[in-house]
Structures are given as structure tokens and as C-alpha cells.
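On the provided structure of chain A, position chain B as indicated by the hints.
So the protein lines, in turn, are chains A and B. The opening position of the first sequence corresponds to residue 0 in numbering that gives the first Met the number 0, with each subsequent residue numbered one higher. The opening position of the second sequence corresponds to residue 0 in numbering that gives the first Met the number 0, with each subsequent residue numbered one higher.
Mixed in with the good hints, there may be bad ones.
Unchecked claim - Pairwise CB distance ranges (calculated): (1) Gln-247(A) x Arg-153(B): 46 to 56 Å; (2) Ala-422(A) x Gly-123(B): 32 to 42 Å; (3) Ala-422(A) x Ala-67(B): 27 to 37 Å; (4) Met-0(B) x Arg-66(A): 38 to 48 Å.
Unchecked claim - Below, in silico cross-link-like pairs of lysine-lysine (DSS-like), each with a Cα-Cα straight-line distance of 27 Å or less: (5) Lys-413(A) x Lys-403(A); (6) Lys-403(A) x Lys-179(B); (7) Lys-224(B) x Lys-374(A).
FYI, nobody ran anything at the bench for these hints, they're computed from the structure. All C-beta atoms, glycine included, are put in the ideal place defined by N, C-alpha and C.
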Amino acid sequence: MSTAAAREFLRSAAKKSADLNHRQIIRRSIDHYNAAVVRGRATFADWEAARERCHEIKQEALNNLERYLLEFEQGVKERGGQVFWAENSAEASQYITNLAVSRGVRKVVKSKSMVAEEMHLSAALEKAGIEDIDTDLGEFIVQLRKEPPYHIVTPAMHLTRKDIAILFKEKLGDVDTDEPQELVAAARRALRKAFFSAEMGISGANFLVADAGMIAITTNEGNDRLGTSLPRIHVAIAGIEKIVPRLQDLALFWPVLASAGTGQTITCYNTLIGGPRGLGEVDGPEEFHVVLLDNGRSELLADREQREVLSCIRCGACLNACPVYRTVGGHTYGTTYSGPIGSVLTPHLRGLNEFQHLSYASSLCGACTDACPVKIDLHHHLLENRREAVRHADRPLSERVGFKIWSWTMESPKRFAMAGWLARAALRVVNAAHLDGSILDPARSWAKNHAPLPAPKKSFRELWGKANGTN
Amino acid sequence: MRVSLFIPCFVDQLMPEVGLDTVRVLRRAGYDVDFPRDQTCCGQPAFNTGYWDDARPVAERFVSVFAAAEVVVCPSGSCTTMVRNFYPQLLANSPMRDKAIEVGRKVYELSEFLVSVAEVTDVGASFPHRVTYHDACHALRELRLKQQPRELLRNVRGLELIEMPYSEECCGFGGTFATKFAMISRAMGETKIGNAEASGAEYVTSTDPSCLMHLDGMLRLLKSKVRAIYLGSILARTPPTTDGKGRFMAMDGAR
Numbered sequence: 000m001s002t003a004a005a006r007e008f009l010r011s012a013a014k015k016s017a018d019l020n021h022r023q024i025i026r027r028s029i030d031h032y033n034a035a036v037v038r039g040r041a042t043f044a045d046w047e048a049a050r051e052r053c054h055e056i057k058q059e060a061l062n063n064l065e066r067y068l069l070e071f072e073q074g075v076k077e078r079g080g081q082v083f084w085a086e087n088s089a090e091a092s093q094y095i096t097n098l099a100v101s102r103g104v105r106k107v108v109k110s111k112s113m114v115a116e117e118m119h120l121s122a123a124l125e126k127a128g129i130e131d132i133d134t135d136l137g138e139f140i141v142q143l144r145k146e147p148p149y150h151i152v153t154p155a156m157h158l159t160r161k162d163i164a165i166l167f168k169e170k171l172g173d174v175d176t177d178e179p180q181e182l183v184a185a186a187r188r189a190l191r192k193a194f195f196s197a198e199m200g201i202s203g204a205n206f207l208v209a210d211a212g213m214i215a216i217t218t219n220e221g222n223d224r225l226g227t228s229l230p231r232i233h234v235a236i237a238g239i240e241k242i243v244p245r246l247q248d249l250a251l252f253w254p255v256l257a258s259a260g261t262g263q264t265i266t267c268y269n270t271l272i273g274g275p276r277g278l279g280e281v282d283g284p285e286e287f288h289v290v291l292l293d294n295g296r297s298e299l300l301a302d303r304e305q306r307e308v309l310s311c312i313r314c315g316a317c318l319n320a321c322p323v324y325r326t327v328g329g330h331t332y333g334t335t336y337s338g339p340i341g342s343v344l345t346p347h348l349r350g351l352n353e354f355q356h357l358s359y360a361s362s363l364c365g366a367c368t369d370a371c372p373v374k375i376d377l378h379h380h381l382l383e384n385r386r387e388a389v390r391h392a393d394r395p396l397s398e399r400v401g402f403k404i405w406s407w408t409m410e411s412p413k414r415f416a417m418a419g420w421l422a423r424a425a426l427r428v429v430n431a432a433h434l435d436g437s438i439l440d441p442a443r444s445w446a447k448n449h450a451p452l453p454a455p456k457k458s459f460r461e462l463w464g465k466a467n468g469t470n
Numbered sequence: 000m001r002v003s004l005f006i007p008c009f010v011d012q013l014m015p016e017v018g019l020d021t022v023r024v025l026r027r028a029g030y031d032v033d034f035p036r037d038q039t040c041c042g043q044p045a046f047n048t049g050y051w052d053d054a055r056p057v058a059e060r061f062v063s064v065f066a067a068a069e070v071v072v073c074p075s076g077s078c079t080t081m082v083r084n085f086y087p088q089l090l091a092n093s094p095m096r097d098k099a100i101e102v103g104r105k106v107y108e109l110s111e112f113l114v115s116v117a118e119v120t121d122v123g124a125s126f127p128h129r130v131t132y133h134d135a136c137h138a139l140r141e142l143r144l145k146q147q148p149r150e151l152l153r154n155v156r157g158l159e160l161i162e163m164p165y166s167e168e169c170c171g172f173g174g175t176f177a178t179k180f181a182m183i184s185r186a187m188g189e190t191k192i193g194n195a196e197a198s199g200a201e202y203v204t205s206t207d208p209s210c211l212m213h214l215d216g217m218l219r220l221l222k223s224k225v226r227a228i229y230l231g232s233i234l235a236r237t238p239p240t241t242d243g244k245g246r247f248m249a250m251d252g253a254r
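Looking at chain A on its own, in the form it has when it is part of the complex (with noise of 0.2 Å):
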């Protein structure tokens, strides 16, 4: 399982392990998170049957992908809008930066999108001669700071005021205080121009609603109002599996999002858009263009034993949840989705071989799918990527080999009982001569980290069957 990918991720994650610092600036932010959500939650008289029925709903989606797609393709177009099927990443940014070429737009406003990321939207944008500009707070910051987002909800969770206080006053200039309301202010300075010079706006959805033919953007700050009506052309970009039904099932998936995700009773806005200006309309972009983003997602649909990882609203919370998350960091794992979601989801999406060690970085502690809002088996998924990985990618010969040994062993109980004796011998002998930890140690990988292993001197089957069964 040595490839880059993990190479990185081990020497990633050990650094962050051992800072105190990531550690508290996490704790602390994820602790006000947590007291929201039980406020958020408290809003819903069954937050369970809530989960159910969000689960069902996007089953349904799924199971019928076809057909809801369509829909909603139709719908766009009735009103004017245009769809684009992208089979990959590739295509879909050669549609938006030959678009913008062929429209003469030289700068893009972008509200948060986590399929932009994935596709590496802004890398295509910039070789194309264009400047994109993110207008999400959190993501407007870390693109000042030529990062990746930390996390799919919060963008900047990494960084304390003080740190955005020193790269408000290096970038922008206009500001030297820590003073939040300043700080905002100097942001939203920033992105006003931003906003009125753009000659396309590019946005997210979180949901493709089917039978309204219309995307559903959720946001805190508005910034997806300003940058998908102000300039001329807005592109909304998607993954295929966001679709939802039915409008009205916004109705229970706009507060479950807004619960789960930020802990509010609901996101301050939530816009739907369904083509672009209308005649008679004073607002709204000229062109509207849609690109359903499929990049792996057909191939986990046919899966039947994940495709619900598909239901994923990105809400962030079993990032939230995850205690290695919260101990390595969004950014450790190298991708564009995180936690335990991105675990499961990556190897899928961007390769088995390359992505495994995600599926084993994890205690299988489950907190993650009790956090789930649509119900995902997130820890369950992880068991059967490593499954997955076992069958089809490389794996230490050592451990392959390592395994057929033990079901050898643990076949017989008197191999069993052999093997545990040899192994509490050979443990005796190097803690009694502190040698832990050495490379004569068995449990070496174990002694790093902990004091020498018991090795008692008999068994618990022994010591039964010296009392007789009477012990």
C-alpha cells in the first residue's frame, strides 16, 4: 500500500498528529459545531425518521437516476438554460473554459462549489488566461492562501482569526486589525468588485430537483445571489448524483442539511434557479448553463452493495465527527473530499490502488455514520473497500501472507494455543531484557507508543483446565 498517495498521508498525518495546536483550534471549533447541531436537531420532532425518510428519498433518486435526470435536463431547457453531460473532469472544464473563451469573459466569480474542486476548475480556469475568484468567505481565504479547502463546509476551520488577520493585512492591504466585523468587511470590499466585474458566475447546487427542473444553491453569506445574477453567464456545476425528486422534498432536506451541516434551523439562503433571465425579468444572467458532472459516479451507481454512498448531501458532519479527522486534518488526506466520507468515495472515484490506505486509516469507531443525516453506512462502506482492496490492489506480500498463517493457526486450537505460548515467551524475554521496542521485539510497531505488553506466564485456557473446569 505504499504508494504516493500513502506516503504522503502517513508523513502528513504523523506531523499533524503530534500538533497541539491543529488539535486545540479543531477541538474548539468543532465543540461550538457540535452544540449547534443539538440545537439544529432539537428543531425536528423525530430526527431519526427525519435521517429514514432523507435515506429513502435519495434511494429513490438513485435507484431511477435516469429518468430524474432527464427531467430536470428538460426542464432547464424549456426555460432556456443549457445542460451539458460530462463524463469526466476534463470534459466538463473544457466545456466552462471554452465558454468563457468563446463569450470573451476574463473573469469568473465563483460561489462554493466541492464539484469545482474535484474537477480542478480553477487550475483549467487560470491555463486559459482567466481569473477566478472565490467568493465563499472561508474559500476566499484559503484561495488567498493558494490552499485547498480544509473541510467540504467549513474552508478555513484551520485557521484562527490571527492568521486571517496576517493574510487580510499582506493581501488585501486595507486592513490591520483581528477585529471580525472588520476583517468581514474587508472581504466583502474585496469581492464586491469582484462581483461587479465578472463576466461569469460559477456556482454549485446542492440539489438538482427533477421535477422543477431547477437547481437549489444553499448558502450563509449570499455570495451565490450576487455571483449567479450579476454577471452575464452563470455555469452551475454538479455532480450527477445530487438529484432530489420532488421540490417539495427541499422541504425536509433544506432543514436536515442546514441541521447536520452548520447546526442552524435553516441556511440563511436558499435560492432556486431554473434557467436564465426570463423576458419581462429585471435580473439574472443571459445565458445559464448547467454541467452534470459524472467522473466515476455511473460506475459506484452500479454497485449495489455501495451506491448509497451516493446519497451524500455534503454536510460535513462525519468529518465532524471523525476523531482522525479532527487529529489529521483535513488536508492530510490529500483529496478533495475528506473524513470518512472521502475514505469511503475515493477509492471509487480516483482509484482503489491509489486510495486504499484511506478505507485503513480509520478505527472503524462508527461515529460517522450515527452523524449521517441520509444514513450512510460510512464505516461499514470502509470494511468492504478494504474487502475491495484485498480482492484487486496491491497489498504487502507480508500481510498477505502474514493472514494465511493466522487462519492456519486459528483453525486448530492446538496450533493456537502454540502460537500464543511461543509469542508470550518470546514477549517475556524482551521485556525482560528491554529490548522493547528493538527489532528482536514482536510487537515492536506496538511498543512505540505504549509500555512493554503483559506476557503472562499461562493462558486463560490453561489456567482453566488446571482448575478443571471448576477453576
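Okay, now just chain B, sitting in the frame of chain A:
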């Protein structure tokens, strides 16, 4: 009722005291205890690492060893989970599948068995110490055991049960995770230990000796004043109790 003991492989070899204390508690609760000697391991190490083909024959052996048992009790929520929750998937295409589901229905973690099946919440134990309870992940989130161990602890003479902050957070053991990703495991262990220390407890206990083996090793390495002790080992103490040197710790006792 005759109880068949399911002793996890690592408990058998490294923490025999945990097994002995489980026997003591069950006998005190009035049960005949039997240890089917043909048992080895439930198969979880291979299953969790993705080696389902290697785990399967071990699981099948487990099922045949315990097929005739009346009821099976295990001093581990994690190993109980393996049998009850994961065997149906692991053995989905095995001829032993139906039998495995049957066996899964009669396997219980110790505190679960005492409180939910035997309806015993006071086992007559005495342990005059401040104790905090760590919610082991599989017990909590796979078996949904939250109150059972606490109820038993509350009825122990002299024991003061103190809740630590984030008691439901993973301790970082996670089987091979603790060695494959040792630095993450260690950081999670440090966090758990910090929370246990902050509670003011003298002991941290749990349904799962695997979490406690990890925490015990780290507590001793970090020279913490908090000690790890298996839940069943507390329940096995009858007055008069400790010698004041923490010798009742499952791991110490085993050495």
C-alpha cells in the same frame, strides 16, 4: 442456565485475568459456566483488514463450536459485534450462514447479558474508587450499550462513577489501526487519557479489554495516575478489596 464463555483470543493469551473475572461474576450471578475448549478466534482481525476469505473458515469454526450452546457470553463488545453483526455479511454465501445468525442471536457482551438478559444490576461487588467509563465504540454504536455498564457500576459498593468529557469518543485502538497508523492512534489515545484525567477518576473502565490494553499501555508509558481496569474485573471484586497498589488491574494481575 448454562453460560458458554467466548474468550477473545488476545484475552486468552495476554489478559487471562479478564476471563477469570468474567467467570467469577457469572458464577456469583448464579450461572454455570462452561469454556468450550475448541474455540480460537472470532476472525475479526482478518475481517477488519479485508481478508474475508481468511476470516471465513475461522468464523465457521466459531459457529460450529458454539452451535449447541444455550447462551454465549463474551468479555468484549467488539468480538460480540463480530459474531452478531458481521457474520451474516461475512458468511452470506456460506452453508453455515443460517447457523451463524442463530449463534449471533445468543451471543452477549457481559454487561449486556447481566442487565438485559439476566436482569441483574447488582452483582454484590465492592470497589471504593472514583471510576470513569469509556464508551467502547462497538459496544456503543454496534450493540447500542450505553446504560448497561453504567447501571452495573452504579451498584458497586463505594464506587463513584464520574463521567468524563467526550466519553463516546474512540480511544484510538482500532485493531491493526493502532500499528498501521500508530501516530494517529497515539494522538487519539492521548486525547482520551486527557479526558479521563480531567474527570478526576482514579480508574478508567470499559466493556472492552482491547481499548483498555491500548489505554493501559499508554497510561503507563505517559506515567499517568489513572489506571485502566476491565469492567468485569471491577464487578468481580468483593469486599475487602484492593491492596492499594492497583494490583487488581487486569493487566497487572496477569503479569
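Checked hints:
no. : hint                                : result
1   : Gln-247(A) x Arg-153(B): 46 to 56 Å : 48 Å, holds
2   : Ala-422(A) x Gly-123(B): 32 to 42 Å : 36 Å, holds
3   : Ala-422(A) x Ala-67(B): 27 to 37 Å  : 31 Å, holds
4   : Met-0(B) x Arg-66(A): 38 to 48 Å    : 55 Å, violated
5   : Lys-413(A) x Lys-403(A)             : 17 Å, holds
6   : Lys-403(A) x Lys-179(B)             : 19 Å, holds
7   : Lys-224(B) x Lys-374(A)             : 40 Å, violated
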